[in-house]
Amino acid sequence: MKKFTHFDGVVAPLDRANVDTDLIIPKQFLKSIKRTGFGVNLFDELRYLDEGQPGQDCSNRPLNPDFVLNQPRYKGAEVLLARRNFGCGSSREHAPWALEDFGFRVVIAPSFADIFYNNAFKNGILLITLSEEDVDQLFAGVEASEGYRLEIDLENQRVITPDGKALAFEVDAFRKHCLLNGLDDIGITLQDEDAIRAFEQKHKQARPWLFRQPA
Amino acid sequence: MSGQTLYDKLWNQHLVKQRDDGTALIYIDRQLLHEVTSPQAFEGLRLAKRKPWRLDANLATPDHNVPTTLKERAEGNIGIKDPVSLIQVQTLDDNCVEYGIEEFKINDPRQGIVHVVGPEQGATLPGMTVVCGDSHTATHGAFGALAHGIGTSEVEHVLATQCLLAQKMKNMQVRVEGKLGLGVTAKDVVLAIIGEIGTAGGTGYAIEFAGSAIASLSMEGRMTVCNMAIEAGARVGLIAVDDTTIEYLAKRPFAPTAEQWEAAVADWRALVSDHDAAFDKVVTLKAEEIEPQVSWGTSPDMVTGISGQVPDPKAARDETVQRSHTRALEYMGLQANQKITDIKLDKVFIGSCTNSRIEDLREAAKVARGNKVADSIKLAMVVPGSGLVKRQAEAEGLDKIFIEAGFEWREPGCSMCLAMNADKLGAGEHCASTSNRNFEGRQGYGGRTHLVSPAMAAAAAIAGHFVDVRSLPANDATHAQEA
Ligand code: SF4
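Residue numbers (the working numbering), protein chains in the order written: chain X, 1342 to 1556; chain W, 150 to 632.
Okay, chain X solo, but in the shape it has when bound (with noise of 0.2 Å):
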């Protein structure tokens, strides 16, 4: 995983709620046994006016000038601005997959799906949760000034705008660790290989008929 950095990134709007993992990346994507490369069909239902299929050449196809990431504006967007309830439906990883493959780093809206969360962040991918005012008023902003921009303080848990204005959040201390440092989270639970060994024993123990083998 990277490491996440101190950076200022141009901002893109997704003006809707309840966005699902099926909008961020459709089933058909999802025969690809790789983690790389989903980025081309991230909204892939939004973005382009036919239907896709795994594998095609993209370049070609007809894109729909309505949707956002179309826009010459938002050309090079590292954050993404979302409504409520963002991620929700099916578990699939290659929805931060692609997210991240097309380049966002942050997604900011008022709340995400559980299991989502968990997702992006072991991608690097860093969800600010803010108030539906401040994102609002985020939205009023990026709809207003042309190539707007926020800076993203993961160290200090601030959103920074471009008038100097400073939202805080919260993030749980550990994720926050593991993305500042890049970390493995594989590698870390592997230095309590004793304590889960000795849990395991007495789990057995206690319930063995949850380690039985079918007859």
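Among the hints, a few may not be true.
[Unchecked claim] Result set (DSS-like, lysine-lysine): computed pairs, CA atoms no more than 27 Å apart in a straight line:
1. W:Lys319 / W:Lys430
2. X:Lys1344 / W:Lys198
3. W:Lys200 / W:Lys254
4. X:Lys1545 / W:Lys166
5. W:Lys254 / X:Lys1375
6. W:Lys430 / X:Lys1375
7. W:Lys166 / X:Lys1517
If you are wondering where the hints come from, they were derived from the structure by calculation, not from laboratory data. Computed from a predicted structure; not experimentally measured.
Guided by the hints, dock chain W with the ligand onto chain X, whose structure is given.
Chain W with the ligand only, in chain X's frame:
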């Protein structure tokens, strides 16, 4: 001090280590694997030169991509026409062979949708922690098991460490009290719950479903309810253990036997919330008020009773909701205030991990028996949840009832629930579906999904539009529950 909830007990029984930062390691007893969310996890293991921690905790079966026509299935993997799907199923087979993980392959009679297979085999037991790279893993909570849907990185984490990194959730109890009306099923109950609390109402919570109406459900009905906890935003759905749970599990292949069975049953009896347990939130519904449900929009909480109508977005409580209702009606091709019974259908799908078990098929068959699918319906299909469900249905003659009525009788898999295989909706087509998600494009590009119970789907197939199963002649679905 107040007592513990069922969730608290399961959590405590599996807690390996609580970290200072609020995260915890919990031990995982069972991991179910399928072809879509596992390839990158195995690849990750391989790249890091790690080995699975405990092979016998894992059980695999392909389900999402498998074709459901007999002709294609007869050829095994080679019958999968889509080369990309074939690679994915083949990759699961290869990974299971390479690591020595038990797999029910494409034509094993035990193959099926993971969430049907686990319980059917007794591979899901009360008091277990169960994970799967699939959000509908909440299904297994019907057994008093702590079941989480997880992402692919977590699948890899569990393979490598037998633990999941988790944070304790809050406790919510959803009580459904009273007696369900005839023709009202578990599916209607859970859709009504989602309609009540919304698709984010359960976010951050483990939901325990309780109350007399829940206790009266069979295990299959309970699985239908827990299955859709995620549609209410909750990763975890739970139901306390009782006699129904224990009877269902006796003699299942992976269930304990002899004196271990006795010890296990004694242990499982404690898997209920203490009477003085404290919940962070309690929601109560009256069973008598629940009618057969139909979803009209593009989110599972956009749902109403069969006697209702499509809402008018102008009446929505806030602007965000108003906009999403307007967009939903546009996508669905419906008018504000249109009667639900006036919605015409093009296709009907009976299947998915929500409603593809034997009781679901029996209920649908009761409605289909002696009737014919309407001429206006282009395709009505029944897809059993597993090879064993299919066998059982055939032994009872249900396949003949469906075929005579004009339904297609298919091979087990996820099928048109998410349309990763060849079974899908065309743009603009309306489908009465017993699955769990009505998102845009879920059942095919531009497809319009209406979520309903199996009896309601069968009735809609026959009428060509939605009808109230409670209004059907006496030999049909309304008597299904009395039988
Ligand atoms: S039946 Fe549908 S919801 Fe269930 S596991 Fe398969 S694709 Fe997912």
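Outcome of the hint check:
| no. | hint | verdict |
| --- | --- | --- |
| 1 | W:Lys319 / W:Lys430 | holds (9 Å) |
| 2 | X:Lys1344 / W:Lys198 | holds (22 Å) |
| 3 | W:Lys200 / W:Lys254 | holds (22 Å) |
| 4 | X:Lys1545 / W:Lys166 | holds (17 Å) |
| 5 | W:Lys254 / X:Lys1375 | holds (22 Å) |
| 6 | W:Lys430 / X:Lys1375 | violated (41 Å) |
| 7 | W:Lys166 / X:Lys1517 | holds (19 Å) |
The earlier numbered hint that this structure contradicts is number 6, and it is the only one.
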